[in-house]
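Chemist: Residue numbers (our numbering), protein chains in the order written: chain A, 1 to 406; chain B, 1 to 409; chain C, 1 to 243.
Accuracy of the hints is not assured; some may be wrong.
Stated by the list, open to error - DSS-like, lysine-lysine: derived pairs with alpha carbons at most 27 angstroms apart:
hint	chain 1	residue 1	chain 2	residue 2
1	C	92	A	214
2	B	17	A	307
3	B	71	A	134
4	B	71	B	215
5	C	212	B	158
6	C	216	C	188
7	A	214	C	73
8	B	309	B	91
9	B	71	A	151
10	C	221	C	53
11	B	158	C	170
In short, the hints are calculated from the structure, not lab data.
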Amino acid sequence: MRFTLALKNILKSKGRSLTTLLLSLFTTTLFIVYVAFMDGSHHQIIKSSVEIYTGYAHVNLKGYRDESDYGNLIEDASSIDEILRNDTSIKTYAPRFETYALLSGDEKSVGSMIVGIIPSKEEKLSKLASSLSKGEYLNDNDTNAIYIGIKLAERLKITIGSQIAMVGSSIDYSIAADIFTVKGIFKTGLFDFDAQSAFVNKSYLDSVILSDNKATYFTVDFQNNDHINKVTSALQAKLPSQYEAVGWDSLLSSLVQAMLVDSIFGYISISIFFLVIFFVVMIFSYVNIYTRTREIGLLRALGLTSKDIFIILFIEILLLATVAVSIGAIIGGVIAHHYELQPIVIDGIAEMYKDYGLVSDEVPMHFDLFTITWNALTIFILNLLAIVYPALKINKLTATEAMRYV
Amino acid sequence: MYKIAKHLAWLSLWRRKSRSIMVILMIALSLSGLLAIQGLYDGMITHMINTTIRSDSGEISLYTKEYRLHKSLAYKLSPVSKIEEKLSKIKEIISHSVRLQQEGLIATAHKSLGANIKGISLEKERDFGNFDTFITQGDYSFGKHKKEALIGATLAKKLHLDIGSRVVFTAQDADAEINAISFRISGIFKTGNPALDEYTVFVSMEKISTFLNLKESATQIALRIQNTEQIKQVQKKLQTMLPELEILRWDELYPLLIQMQEMMQIFNLASYMIVFIVAALGIFGVMLVSVLERLREFSIMLAIGTPYKMVRNQILLEATFLGLIGFMVGALLGWIILLYMSTWGVDLRSFEAGLETFGLNAILIADIQYYYFVQAFFAVFFATLLSVIWPLRILKKIKAIQVIQGKML
Amino acid sequence: MKYLFFLLLFSLTLDANEAQNIIKKLEKNLRGDYMYGTMKMIVTSKRGQRTVKIESWSKGNDKSFIKILYPKKDKGITFLKLDTQMWQYIPKIERTIKIPSSMMLQSWMGSDFTNDDMVKESSFEEDYHTKLLSKRGNFATLELIPKEDAAVVWGKIIIDVDIKNAAPLKETFYDDRMKKVRILTFSKIEKHGSHTIPMIMELKPLDANKKKNSTKVIYEKIDFDTHIDASYFTKHALKRYSR
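Bound-form chain A, shown alone (with noise of 0.2 angstroms):
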């Protein structure tokens, strides 16, 4: 009885339902999507972060974050190549090999970092291939070729066909040198990073320092790099005891850090956001109760509980805040996944930003179901919340003080 009376009346005032029903859907729409947005933006600063050069996430041997030398290598590259390789959740992958040697120009030695890559896989995990400023990128049959940091070059005083020597030590710690041509010099903005990094090809590198079947870590790029800190665990699972893997939130700290108080300030304004949103609901339902005040008292007259009246309209606003909320959801859903394939463009932002790593215009919203699902419900609550208050206030009137009510 009490359920077809409210949706009675749900229908028989359709302006006033309607309005509800549009401001739950507005709200719940306006929430999801910004959201979206601040997670898609949050996705993307990662993103250009973690991919310019680290990954999502590393395989090496344990002791190796601590103490980054030769002493923690992995030593069997093609077994944990295997295990990569098998792993369903891995999207790519590719061992690196990370030294430290002199690079020597005709004027100036500098120590920098050296690194063996193989060059096609390279290009699809990280940015280095794009980043390419002069000449050419490396490929995978290059022998002496090396790819170097514009800043490097600039210390090196050296440019595009420059030879340059580099002495470091090979794995066995006896002298490892060799003369490189340079093939191309990368600008990521990354200043250390452009100042300090040169890379070469890994299996050449690999007869020069006797690394071969070695690699300093893998870096790893899974299908779905969200949950980093599950996937990183599944993989640790499946590796041998001794190594471990690390989610780019570990081996990017200071991006973590930033991020987090990033979002400390984003959640105080969401709580400021569910304020306004629980007063706004709060007023439309009083002021949509109080209309409604004259019918009240006539059904208090008939008869008709305080506690029976208190469900109808609980029941009113469960009905309309489902639909409302639903429909919000799935409309602010669409919107989010529209704008994670089809990101929204700010022209020039890339320009702007280039120094800082950025390296596209595009930001992308995020869709992600359960953040949907959680903003939702969140709104819906408040529906509920928000018609408690006027609720027992109209309840306090009598069924002659309500009628009376103009």
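Starting from the known structure of chain A, arrange chains B and C on it as the hints suggest.
Modeler: For chains B and C alone, coordinates are given in the frame of chain A:
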């Protein structure tokens, strides 16, 4: 006539008390929240900019043109006194600090790490930016014989150093000879600038000059300028006076800070917009209903010859009162929160690790600016205006007689 | 009382003098005006063991020339150190490279010695206050505390000395907090011409993460008494004596 409208608006506002209070509360609470977050954000950024200026860049820094790329003593500023003489002619410069820096290796018995050694004058740094306030452990002193050093907190942690620990610094001097010098740690500092906290050891200018075999030389001269507005002008003046040098403002040296400030402003604006669009919906709801339920009343007023203008004014005033009271309560509340946060700060100890990267203390101190309130006023004002547009249109369209006869209800 | 104090002071200075003399003799014995030698260095680390053979020529403290004889891959690589600067010649790439200070201070060819040990001429006599801790017959134990200005990282060094041969037996290095950091032991003391020196030297670091490491140096030939041609201490020597 206007007075009557005002009076009527005021009265009708309080006829529906709980409704008005709800709107006022909504405006007030969201406004104070927005003010608080804005103050906190600004406080954070200002703090970062301030510490950077105080601990390193000043408002303006001088280098030789090649120095920042090569970081070599070959590109030193010399003679310092000549440059200082020129600087003394610019009265906008209130203080300056001369620093001499070299890259090298810092070693303990267990470990050695790459680091920078920087010669400074403690007194000058204190005048320049109260560097002594960055000391977290030990003293702001190089000891009696200038044989002590201040070290960055992160570097100290990596090398497991305490006050009194001994370190040896090895570096190439100006003649490319490798020399070593030992210091005891007298103080540990934390500025929040990673270049300083992670890589730098401060020693006395005299000591490092002899160590590097240099006289009258510096790698950087940082300047403090009295007023923000004068910075660009002083920079131009310096560029013509010292054309052979690179003269950079703090925002050119640390563009990331400016970028953050811009981002935060955009973020603030966006928050304001979203909150007040939603808030406008709330006010709209109340105004719409209060117009609808008094349609008969208004119709009668119009029928007996009250000008539409007066009715309109009454409604406008009602909304304005709501907005104004909301604004005043919110501004007052926001101001109290900001005042609290700017004197006592906000304890964010649980996020300390995150804040450290930004060079912030666990206690975040908020900023208070007048423009926050101006901005907030306009936000409320527009939200209020926005919310009455539709109710007024309804009012304009009514046919008084029909309403009185009850046909439109 | 006064007398006793005086006596105590006197005995202390006597000790200090005696310790100083021992150190002086030690350093004189271990360093000659010229030194030529070949040696084998066995480096043990987590990754296993490797052996390097080198031939070295030096004059005083400031000039030295080193050539690698083994492993085959490194054969012919030469190093020249003049005062505090260092060059390296690598036959494979036919280049002479000046080693910048930042690189000079890294671990030397994977050993537990750092280039610092090789480059920096910290002298026991100049950089430390010496104290005699005990003396029994020909054996003495000395304590070396660095002078305030000395650029050394150690908190103290305890040295066991064979006084008769003016040769060290064991050196224990402590850090600032007087915790042991590494131990250097010497053995097989032999007389070669005018000097009596230990032919075997083993360095053992004590840091937790270096537990498995050690570096052993075995002299095969050593000669302090033959003049070394000045041509060894020029940059031309790097290439010329590489073969």
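Chemist: All hints are to be evaluated individually against the structure, with a verdict given for each.
Modeler: Right, here's what the structure says about each hint:
| no. | hint | in the structure |
| --- | --- | --- |
| 1 | C/92 / A/214 | holds (24 angstroms) |
| 2 | B/17 / A/307 | holds (25 angstroms) |
| 3 | B/71 / A/134 | holds (25 angstroms) |
| 4 | B/71 / B/215 | holds (18 angstroms) |
| 5 | C/212 / B/158 | holds (23 angstroms) |
| 6 | C/216 / C/188 | holds (13 angstroms) |
| 7 | A/214 / C/73 | holds (19 angstroms) |
| 8 | B/309 / B/91 | violated (60 angstroms) |
| 9 | B/71 / A/151 | holds (12 angstroms) |
| 10 | C/221 / C/53 | holds (12 angstroms) |
| 11 | B/158 / C/170 | violated (30 angstroms) |
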